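If you read the sequences in order, they're chains A and B. Just so it is clear: in the first sequence, position 50 is 50 by our numbering, and no numbers are missing. Just so it is clear: in the second sequence, position 63 is 63 by our numbering, and no numbers are missing.
Source of the hints: derived by calculation from the structure; they are not laboratory data. Being a predicted model, the structure only gives us computed values, none of them experimental. One thing to keep in mind: the hints can contain errors.
To be verified - Derived DEER-like restraints, expressed as beta-carbon distance ranges: (1) Asp114/B - Gly54/A: 32 to 40 angstroms; (2) Asn55/B - Asp76/A: 42 to 50 angstroms; (3) Ile71/B - Glu9/A: 15 to 23 angstroms; (4) Pro37/A - Thr82/B: 47 to 55 angstroms.
All residues carry an ideal CB built from backbone N, CA and C; glycine is no exception.
There are 2 protein chains.
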Amino acid sequence: MKAKASSGEGRFAYEGLDRVIHEHARLSILTCLITNPKPLTFGDLKQLCSLTDGNLSRHLTVLEEAKMVQIVKGHDRNRPQTVCKITPSGRKRYLEYLSTLEQVVKDAAKVSKDESESTLLRSLTPSEA
Amino acid sequence: MKAKASSGEGRFAYEGLDRVIHEHARLSILTCLITNPKPLTFGDLKQLCSLTDGNLSRHLTVLEEAKMVQIVKGHDRNRPQTVCKITPSGRKRYLEYLSTLEQVVKDAAKVSKDESESTLLRSLTPSEA
Numbered sequence: 001m002k003a004k005a006s007s008g009e010g011r012f013a014y015e016g017l018d019r020v021i022h023e024h025a026r027l028s029i030l031t032c033l034i035t036n037p038k039p040l041t042f043g044d045l046k047q048l049c050s051l052t053d054g055n056l057s058r059h060l061t062v063l064e065e066a067k068m069v070q071i072v073k074g075h076d077r078n079r080p081q082t083v084c085k086i087t088p089s090g091r092k093r094y095l096e097y098l099s100t101l102e103q104v105v106k107d108a109a110k111v112s113k114d115e116s117e118s119t120l121l122r123s124l125t126p127s128e129a
Numbered sequence: 001m002k003a004k005a006s007s008g009e010g011r012f013a014y015e016g017l018d019r020v021i022h023e024h025a026r027l028s029i030l031t032c033l034i035t036n037p038k039p040l041t042f043g044d045l046k047q048l049c050s051l052t053d054g055n056l057s058r059h060l061t062v063l064e065e066a067k068m069v070q071i072v073k074g075h076d077r078n079r080p081q082t083v084c085k086i087t088p089s090g091r092k093r094y095l096e097y098l099s100t101l102e103q104v105v106k107d108a109a110k111v112s113k114d115e116s117e118s119t120l121l122r123s124l125t126p127s128e129a
C-alpha cells in the first residue's frame with residue numbers, strides 16, 4: 001500500500017472557497033458591504049473598491065443574481081441614487097467563506113512566521129562575505 | 001464637496017491579491033507546497049488538493065510559467081516520477097499575497113466576531129413568541 005501524503009486526502013482542497021465570493025472584485029465588494037454598517041451608494045463602493053463603473057456593475061449583477069446583495073434605486077435630493085446592501089443570506093454565505101479563508105491563512109501562517117524569524121536571524125548574523 | 005465614504009479611497013481594493021495565486025486551485029497547490037517541507041509528487045498534490053490530473057497539470061503549467069514552482073521529472077525505483085516544489089521567488093510572492101489575505105480576514109473578523117456574539121445573545125435570550 002502506498003503511504004499517504006503527510007496531511008490526508010483533500011487537506012488543501014479548501015472546498016468552502018465559494019467561487020461567487022472568491023473572485024477578487026466580488027471579495028472586495030462584499031468585504032466592504034459587510035464591514036460598513038449602512039448601505040453604500042454605487043459611488044462609494046466604486047471608490048472604496050477601486051473599480052470602474054462597468055466592473056462594479058457587472059459584479060453587482062452576479063451578486064444580486066446570487067441573492068447576496070440587494071440593490072435599491074432611489075433618490076437623494078431629487079437626484080437618482082443607487083444604494084447597495086448585503087442580504088442576510090449573503091452575510092451568512094460570506095461568513096462561511098471567511099472560515100475557510102481563515103483556515104488558509106492559519107495553514108500558511110506558521111511558514112510565514114518561520115520565514116520572518118529566519119530573516120530576522122540572518123539580519124542579526126554578520127555576513128561572511 | 002461630497003463627503004468621503006467611511007474608510008478612504010481604495011480601502012477595500014486589496015491590490016495585493018495576486019491573480020496568479022488567488023485562483024482557487026492554485027491557492028490550494030501553493031499552500032500545500034509551501035507548508036510541506038519536502039517536494040511533493042504529482043500524485044500527492046492531486047490527492048491533497050482534490051484535483052483531477054487535467055486540472056492539476058494545467059495549473060502547474062501556469063505556476064511554472066510564472067516561475068513560482070519547479071517541476072522535476074525523475075525516477076523512483078525505475079518508475080517515472082514527477083516532483084513539484086515551490087521556488088524561492090514563488091515563496092516570496094506567496095508570502096506577499098498572504099499579507100493581503102490576512103488583511104481581508106482582519107477586516108471581516110470584527111463583523112464575524114460581532115455576529116457570533118449576537119447569535120450567542122439570541123440563544124441566551126428567551127424567545128417572546
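Quick rundown of the hints versus the structure:
Checked against the hint of 32 to 40 angstroms, the C-beta distance between aspartate 114/B and glycine 54/A comes to roughly 34 angstroms, which is consistent with it. Separated by about 48 angstroms at the C-beta atoms, asparagine 55/B and aspartate 76/A satisfy the suggested range of 42 to 50 angstroms. Distance hint for isoleucine 71/B and glutamate 9/A: a CB-CB separation of about 22 angstroms, consistent with the stated range 15 to 23 angstroms. Proline 37/A and threonine 82/B have their C-beta atoms about 51 angstroms apart, which keeps the hinted 47 to 55 angstroms range intact.
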